[in-house]
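Asks: Sequence:
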Amino acid sequence: MDSSVHTKLGHFLAVHPVLATLLAFAIVLGSAFLLIKEIFTPVGKRRAPLGKNWHLPPGPKGIPIFGSLLEFKSGHDDPDYKMHRHLASYGEMTTIHLGSKTWVLLNSQRVVSELIAKRGSLTNGRSPMPVASGIISRYGRSVLLPPNGWAEKRRVMHSLLSGTALNQYAAWQELESTQLLAEYLFQPELWYRHHYRYANSVIHRIALGERLVKTGKELADLQDVVTQFVGSIGASLVDWFPELDSLPRFLQVWRKHWEKLGLWNYEVYRSWWVPVRQQINAGIAPPSFVRDVLLHENTKFTGDDEEAMYVAMQLIEAGSDTTRGALNIFTMATLCHPEAFQKAREEVDRVCANDKNILRLPNITDMAQMPYICAFIKEILRWRPMFPLLPDHMLTSDLEFEGYKFPAGVGFVINGIAVGNECEDPDTFKPERWLDGHEADVAHGLWQFGGGRRICVGYRLAQRGLFLNIARLVMCYDYAAAGLYNSRHLNHHRTDEPFPVKVTVRSKEHAKLIIEEATREGVLECAKGPN
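In our numbering, the protein residues as written are 19 to 549.
Because the hints were derived from the structure by calculation, they are not lab data.
Just so we're clear, the structure is a prediction, and the values are computed from it rather than from any experiment.
Check before you lean on any hint, since a few could be wrong.
Quick list of the computed label-pair ranges, beta carbon to beta carbon [to be verified]:
id, residue 1, residue 2, range
1, Asp322, Cys441, 45 to 51 Å
2, Leu269, Lys100, 33 to 39 Å
3, Thr320, Lys546, 42 to 48 Å
Backbone N, C-alpha and C define an ideal beta-carbon position, used for all residues, glycine too.
Whenever a hint applies, use it, and build me the whole structure from the sequences.
Replies: Set out below in structure tokens:
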């Protein structure tokens with residue numbers, strides 16, 4: 019009977035060639051779809067080895083092949099973070115499939131501590147990103163590298179965490195902060211630019227050894243490099259389907275665009291790196307991380323010159339951009355919450371003005387006496403987090419946790435919005451919530467610097483810089499809105515004014531103090547600018 023059916027079908031298709039062609043096309047198309055689906059099945063949905071089975075937390079189902087990727091990409095830049103809040107509604111952990119990747123969002127302090135901090139030896143990986151990490155960064159930015167490419171770079175950066183180094187850097191931070199105060203005085207309309215100049219100058223001196231003497235264009239170029247790099251993360255489908263990187267080069271039509279961006283990134287880096295390298299080779303370089311650690315013979319850094327360049331420049335771009343962004347959030351907080359600003363000012367005045375109303379500027383040694391300023395900083399980072407989602411911590415081996423079974427390759431991602439909102443009245447700006455005895459440790463209970471073995475290497479340096487500048491700005495300047503603004507629109511990617519602000523010096527006495535300190539530090543003329 020089967021033979022008869024086949025005969026009849028063959029005869030039917032013979033007399034209907036169009037239908038025969040359509041059927042063949044459908045078979046080819048269906049086969050291709052099944053093949054693609056099999057190749058790009060997300061990590062968490064792949065068939066488990068014999069004797070194992072995977073069990074992941076609940077989450078949205080998504081659509082075939084793409085999973086929740088299209089919805090995720092469209093909602094990632096929403097300033098109201100509706101997607102992040104929705105994903106947290108599944109529980110403490112949410113499984114989301116994005117292309118061929120599987121992420122488990124961590125939505126509570128408890129699971130972040132358990133999986134990122136306590137199990138850091140298993141969750142210190144990074145999922146492959148052939149475009150952002152490969153083509154654009156030439157596998158030089160350690161923030162996106164797996165353990166085998168990250169550990170050596172991390173080793174040489176560890177000196178930045180030592181107490182001795184932090185004390186050495188304090189004088190540099192105070193000098194650059196004094197210039198920032200004077201820049202505010204002479205060019206208040208460029209407040210946002212002063213934030214970036216400060217942040218870049220401090221980390222530039224630490225990493226490369228000299229005070230910043232770059233043109234406005236050079237600074238803008240580096241800020242654009244950071245913006246373009248951050249914007250590239252996940253922008254290409256190849257980073258969500260890294261298997262595409264295995265295709266023959268002539269089929270990788272996306273490479274030309276990203277290679278052009280990567281080359282520009284490389285050339286900007288070289289313009290900053292080469293002069294420093296030449297000074298070190300000539301024996302005339304001042305003390306710096308590059309001279310005394312990264313390229314010093316005793317550190318035995320195993321990377322080549324290009325890898326060393328990426329280590330140094332990654333420090334500069336990361337240290338510059340995050341501090342700039344946090345100071346901009348501080349500025350927004352002064353507009354939205356003047357009552358918290360006033361409490362901060364009262365604390366600074368108690369420490370830095372004596373009975374005869376003789377003023378002095380705050381310094382880093384005042385941190386222990388200003389717990390509210392320290393709490394203010396933590397609340398800034400919780401209230402408007404720089405990173406709604408932090409880079410994934412990919413499992414390097416299978417893991418069982420509280421009844422769930424995760425395969426190696428799954429990425430754990432801190433949902434910064436959900437974790438930051440895990441408090442009473444989360445939409446209220448309330449520094450008092452951090453006055454718990456740990457306010458001077460910016461990483462305690464706050465995950466904006468990451469956690470576990472992948473925590474930001476310079477978070478203590480960043481905290482000290484934020485303390486110094488925020489305490490001084492609170493003491494010396496008043497802020498008011500200069501137009502309409504939305505407190506959620508921080509516009510971190512912009513190089514012009516991100517939101518309208520009018521800055522005025524608090525009093526003649528404070529202006530006099532700033533000028534005297536800037537003169538003593540030798541930065542007054544620099545602060546006045548080219549005009």
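Asks: Decide, hint by hint, whether the structure agrees.
Replies: Hints, one by one, checked against the model:
no. : hint                        : in the structure
1   : Asp322 / Cys441: 45 to 51 Å : holds (47 Å)
2   : Leu269 / Lys100: 33 to 39 Å : holds (37 Å)
3   : Thr320 / Lys546: 42 to 48 Å : holds (46 Å)
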